[in-house]
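K.L.:
Sequence:
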Amino acid sequence: MAAEQKSPDMKMDPASLCREDIFTDRKMGTIRRLVPIKTDGTEDTGRPVLYIGEAQLMTPMGTLPINFPIEAKSLEEAVAKYGVTAKAAVDRTMKELTEMRRQAASSLVIPQPGAGIGPGGLPGGGKIQIP
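Numbering-wise, the sequence shown is residues 0 to 130 according to numbering that gives the first Met the number 0.
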């Protein structure tokens, strides 16, 4: 029998509970407001309210969700900062995707002639050529 795999600890952290409120204009995106709460459901005023923006980027592979924190003290301020913060998050995501493509392309290993199996090695060996 194979050794049993340990399952991850599925325990919630009672000190990190939040109530989640969702706001959307049904056109551009969504803002989630995370209001810290205590285990009895009352607001925990000792922790800051967090605002998380959400947007979607259309790619050839489908929709790519993008989440980003918005530094704001109120919903009004979060709404005002949404556009600039979303653009920065999309730009950062595009740079990350470009870097991931570059790393994937550079990880290709093409065998040198004669390094393959059998006499003459694998066909097509030689230097890596990037278009």
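Rather than coming from a laboratory, the hints here were simulated on the basis of the structure.
Quick reminder that beta carbons are idealized off the backbone N, C-alpha and C, glycines included.
Please note that the accuracy of each hint is not assured.
If you anchor each label on the Cβ, the simulated ranges turn out as follows [as the list claims (entries may be wrong)]:
| hint | residue 1 | residue 2 | range |
| --- | --- | --- | --- |
| 1 | Arg100 | Asp8 | 21 to 27 Å |
| 2 | Ala14 | Pro68 | 32 to 38 Å |
| 3 | Phe22 | Gly61 | 23 to 29 Å |
| 4 | Met27 | Ser73 | 14 to 20 Å |
| 5 | Ile51 | Lys26 | 17 to 23 Å |
K.L.:
Hint by hint, say whether it matches the structure.
P.N.:
Here's how the hints hold up against the structure:
The given range of 21 to 27 Å is broken by Arg100 and Asp8, whose C-beta atoms sit roughly 35 Å from each other. The hinted window of 32 to 38 Å between Ala14 and Pro68 is violated, with their beta carbons roughly 20 Å apart. At about 25 Å, the CB distance of Phe22 to Gly61 agrees with the hint of 23 to 29 Å. Range check, Met27 to Ser73: Cβ separation about 19 Å, and the 14 to 20 Å hint holds.
At roughly 18 Å, the beta-carbon separation of Ile51 and Lys26 lies within the given 17 to 23 Å, and the hint holds.
Figure legend: structure checked against the earlier numbered hints; hints not met, in rising order: 1, 2.
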